[in-house]
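Trainee: The listed protein sequences derive, respectively, from chains A and B. At position 74 of the first sequence the residue is numbered 73 (numbering that gives the first Met the number 0), and the sequence of numbers has no breaks. At position 110 of the second sequence the residue is numbered 109 (numbering that gives the first Met the number 0), and the sequence of numbers has no breaks.
These aren't lab readings, by the way, just hints derived from the structure by calculation. Honestly, I wouldn't trust all of these hints.
To be clear about the criterion: a stretch of chain B counts as covered by chain A if any three or more of its residues have a C-beta under 8 Å from a C-beta of chain A, and this derived list gives those stretches [to be verified]:
no.: 1; region: 118-125
no.: 2; region: 142-152
Lysine to any residue pairs mimicking SDA-like chemistry, simulated, CA-CA at most 25 Å apart [as the list claims (entries may be wrong)]:
no.: 3; chain 1: B; residue 1: 26; chain 2: B; residue 2: 187
no.: 4; chain 1: B; residue 1: 171; chain 2: A; residue 2: 541
no.: 5; chain 1: B; residue 1: 26; chain 2: B; residue 2: 46
no.: 6; chain 1: B; residue 1: 15; chain 2: A; residue 2: 445
no.: 7; chain 1: B; residue 1: 82; chain 2: B; residue 2: 43
no.: 8; chain 1: A; residue 1: 485; chain 2: A; residue 2: 496
no.: 9; chain 1: B; residue 1: 184; chain 2: A; residue 2: 445
no.: 10; chain 1: A; residue 1: 535; chain 2: B; residue 2: 170
no.: 11; chain 1: A; residue 1: 481; chain 2: A; residue 2: 78
no.: 12; chain 1: A; residue 1: 535; chain 2: B; residue 2: 62
no.: 13; chain 1: A; residue 1: 535; chain 2: B; residue 2: 138
no.: 14; chain 1: B; residue 1: 122; chain 2: B; residue 2: 161
no.: 15; chain 1: B; residue 1: 187; chain 2: A; residue 2: 546
no.: 16; chain 1: A; residue 1: 178; chain 2: A; residue 2: 305
no.: 17; chain 1: B; residue 1: 184; chain 2: A; residue 2: 481
no.: 18; chain 1: B; residue 1: 184; chain 2: A; residue 2: 447
no.: 19; chain 1: B; residue 1: 122; chain 2: B; residue 2: 35
no.: 20; chain 1: B; residue 1: 79; chain 2: A; residue 2: 545
no.: 21; chain 1: B; residue 1: 171; chain 2: B; residue 2: 89
no.: 22; chain 1: B; residue 1: 150; chain 2: B; residue 2: 121
Beta carbons are placed, not taken as given, at the ideal position from N, Cα and C, and that holds for glycine.
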Amino acid sequence: MFVDWIVGHAIPLLLFIPAVSGVIAWLLDRDSFGELKDVFGLIGGLSPLVIIAITYGRLGDGIKWTVDTGVFKLFFHLGYMSWYLSAVAAVVAAAMAFGMVSTSRSGYEWMFALFSVSGLLGVFLSGDFAGFFLFWELMTFASFMMVLRYNKGASLKYFVLSIIGAYAMLLAIAILYAKTGTLEFQSLRGMIYNSIYGMVPLTKTDTILVYALFLLAFGVKAGTWPLHVWAPDAYSETNQSYTSFFSGALSKAGVYGFVLMFILLGIKLYVDMGTFHGHMVFTYILAWLGAITVVVAGFLAVLQEDLRKLLAYSSVSQVGYIVLALGIGSGIGFAGAFFHILSHAVFKGLFWLITAALILRTGKTKFEDFGGLAEKMPVTFAMALIAVLSLAGIPPMAGFASKWLIYEAAISAHMPLVAGAIFLGSGLAFAYVVRFLYSIWFGQRPSDLEDVEEAPLPLLIGMAILAIPNIVFGIAPGLAVKLINKFIPNSGVAANGYYSISTGVGTYNALSVTLILVVGLAIAGLIYIYGAKARKIPVTDTYQSGNPVTEDYNLSIRRNFYRPLAEALEFWLRYSFDRFYARLARMAEDFADSLREGFYNGNVQSYSWYLAIVLLILALWGVL
Amino acid sequence: MSENDGFISYELQEFKLFEPLFRWARKKSLWIVAFCTGCGGIEMPPLFTARYDLERFGMMPNPAPRMADLFLITGYVTPKTLKRIIITYEMMQDPKYVLAHGSCPINGGVYWDSYNVVKQLDKYIPIDVAIAGCMPRPEAVMDGIREIMRKIETGEADGWKRYRENYEWYRKNQDELFGEGWREKDAKRWLAWL
Numbered sequence: 000m001f002v003d004w005i006v007g008h009a010i011p012l013l014l015f016i017p018a019v020s021g022v023i024a025w026l027l028d029r030d031s032f033g034e035l036k037d038v039f040g041l042i043g044g045l046s047p048l049v050i051i052a053i054t055y056g057r058l059g060d061g062i063k064w065t066v067d068t069g070v071f072k073l074f075f076h077l078g079y080m081s082w083y084l085s086a087v088a089a090v091v092a093a094a095m096a097f098g099m100v101s102t103s104r105s106g107y108e109w110m111f112a113l114f115s116v117s118g119l120l121g122v123f124l125s126g127d128f129a130g131f132f133l134f135w136e137l138m139t140f141a142s143f144m145m146v147l148r149y150n151k152g153a154s155l156k157y158f159v160l161s162i163i164g165a166y167a168m169l170l171a172i173a174i175l176y177a178k179t180g181t182l183e184f185q186s187l188r189g190m191i192y193n194s195i196y197g198m199v200p201l202t203k204t205d206t207i208l209v210y211a212l213f214l215l216a217f218g219v220k221a222g223t224w225p226l227h228v229w230a231p232d233a234y235s236e237t238n239q240s241y242t243s244f245f246s247g248a249l250s251k252a253g254v255y256g257f258v259l260m261f262i263l264l265g266i267k268l269y270v271d272m273g274t275f276h277g278h279m280v281f282t283y284i285l286a287w288l289g290a291i292t293v294v295v296a297g298f299l300a301v302l303q304e305d306l307r308k309l310l311a312y313s314s315v316s317q318v319g320y321i322v323l324a325l326g327i328g329s330g331i332g333f334a335g336a337f338f339h340i341l342s343h344a345v346f347k348g349l350f351w352l353i354t355a356a357l358i359l360r361t362g363k364t365k366f367e368d369f370g371g372l373a374e375k376m377p378v379t380f381a382m383a384l385i386a387v388l389s390l391a392g393i394p395p396m397a398g399f400a401s402k403w404l405i406y407e408a409a410i411s412a413h414m415p416l417v418a419g420a421i422f423l424g425s426g427l428a429f430a431y432v433v434r435f436l437y438s439i440w441f442g443q444r445p446s447d448l449e450d451v452e453e454a455p456l457p458l459l460i461g462m463a464i465l466a467i468p469n470i471v472f473g474i475a476p477g478l479a480v481k482l483i484n485k486f487i488p489n490s491g492v493a494a495n496g497y498y499s500i501s502t503g504v505g506t507y508n509a510l511s512v513t514l515i516l517v518v519g520l521a522i523a524g525l526i527y528i529y530g531a532k533a534r535k536i537p538v539t540d541t542y543q544s545g546n547p548v549t550e551d552y553n554l555s556i557r558r559n560f561y562r563p564l565a566e567a568l569e570f571w572l573r574y575s576f577d578r579f580y581a582r583l584a585r586m587a588e589d590f591a592d593s594l595r596e597g598f599y600n601g602n603v604q605s606y607s608w609y610l611a612i613v614l615l616i617l618a619l620w621g622v623l
Numbered sequence: 000m001s002e003n004d005g006f007i008s009y010e011l012q013e014f015k016l017f018e019p020l021f022r023w024a025r026k027k028s029l030w031i032v033a034f035c036t037g038c039g040g041i042e043m044p045p046l047f048t049a050r051y052d053l054e055r056f057g058m059m060p061n062p063a064p065r066m067a068d069l070f071l072i073t074g075y076v077t078p079k080t081l082k083r084i085i086i087t088y089e090m091m092q093d094p095k096y097v098l099a100h101g102s103c104p105i106n107g108g109v110y111w112d113s114y115n116v117v118k119q120l121d122k123y124i125p126i127d128v129a130i131a132g133c134m135p136r137p138e139a140v141m142d143g144i145r146e147i148m149r150k151i152e153t154g155e156a157d158g159w160k161r162y163r164e165n166y167e168w169y170r171k172n173q174d175e176l177f178g179e180g181w182r183e184k185d186a187k188r189w190l191a192w193l
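Turn these sequences into a full structure, and let the hints steer you where they fit.
Mentor: What follows is the structure in structure tokens.
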């Protein structure tokens, strides 16, 4: 009974519980109510997961919900694809909520964090462009407010770029609406299909313009090169528990936008833009944007000196994989993209929660201040290891299965250069996770970190929520592929049971890989145990060319870890889109200043001259 | 055999059956820690190059003490170097062997009346085989290596065990030469100059 009611009202519950409990948490932010705001925050954060779990297997033809606002009719639809995306968002939101219990400073943060949960779910569930844009803006605004609390400059950069993207999208929607007269996805799709036969006046120029505007709109959110510049600042200058949702789930809104573009406009774009060497041009552009993002952000991540910046660039790079996989344009590519949406959300969310724990316990963010924390925070370290293995794409973690699908897609689509770019990106991913492992967890511990404690329980619960899917979907990739195959017909990826997936090119049997790994580890363990007795020695008992050393010497490389790489890239690092946009912004500011000073100059005579000029124009026009 | 019981390692009693195998494997893969002291350093490369070629005995020069088991002392040892030698020697894994090469480690050689040369290395770290000569020919060094291989086979090369058992005595000699707490003091002396 109750379950049926929830399934029937799944969409309004998903959309409103987080936002409403966020507002309640904000209202309860008084000393007299104590921890109550955290309780409501947790309710808001966990409710999507509960509802999504209840609706599993009960979707049927999809759950629909319509609201008539008077001006627009808003359609919402919970189909298999939106269920999958919402499930990913809900898992990350639940983990974020637990993390926020430890790290949130006020009800303000709860409110806007939960607003962005509602906003993202709304974007995924919308069945028309009106609701899509509405929730898109809610999501952008909420995340902007979260960043604003910590850093004004970073938040403005994010906001301006997001607004440019959002209004590019509005323009594209307006063009589509003007030509087709509908905002609803189903009928819009039919209209677009008709426009190929000339029944709807959507010309080739319109299509290309809409494509370019969508590229701008969704590219900003997904952090695609060259629109990624907001991400490193915005991801780092906020509550890091929130960033696990911001970077893990919110960036998927842009990716979902690209998916939507394929669904709605795909055929029209193919007809109007044609092919290039056997690839559809519009996907080919996307594939290359993704490939450049992967490589550029990978290189930049390797060179960062701040933990948060490194993870932020890594997030940009990993979302680049998803964009690239979409750009391959084949069924395997789509399956790989959706799988990577899941695995990126879980491993990057985990990374950010670990960062939150580190910042909470040490108050530091720079690599040069860390070291040797594996002994002090063993559980967090274990979680970090899971995240690292998954990000670097090491079986049996989810990251391997999804990257494997993307490789298969690139290879079977005959895109050698794109495949090369993702191989390079993977190598870079190894390079920066090694930096993360080495600088934070291993080596000599600075003396001011001697009394660091293990992360608090709520944060550890949040980490566990994200670590479990990393392992489960790594060992049972068929589970994810089965879900994905429900909404991508003929994807070309088959799930042979839970543990094995296969494409036309090859098969990945995760269970046997796991078993071999476990057996291998067991054999290695036996050799280690019986090989000789291990003796624990202090960290300073190390070969410093035979010289005696004490704790006074810093023997870990904490700064400029990849200096030779930075030197090799010196030429390329001179060009930066970050600086380019900054210069552009300064020029716009100067222009605005000159306008203000030039026109509003306080000289009465010039105002009368403006009047005379306007009169002259009117006279020439023939009005007077 | 009886007097060398437990030679392989104190820790590996359960593998006693394989002792001969382990000894054979050890003597056939001696890795040298590349620590060239004094003039003898120049005599090491010819040993490993085409003419004399020690690699046919399974020997390899190796920069990491933790991976090496043969320490070649190739000439006079000053107290400053001795500190580094002791630290490096202690860092090597058991079992480890020391081959003193040339006259200086034995009795100071031509520097018998120098204030700054250690006259008898055996007082500070245990030596398994010593080769006299200034400098010894590569053939002589190879002979010394053959000797150390024989000693490994029979279990007579037990310097590492002597060092462990008589550590008090070695430690006393070291402290007499350098002064107590020399490791700490030596490490700290650079801090002022950083």
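Trainee: Which numbered hints are broken by the structure, listed smallest first?
Mentor: 1, 2, 3, 6, 13, 16, 17
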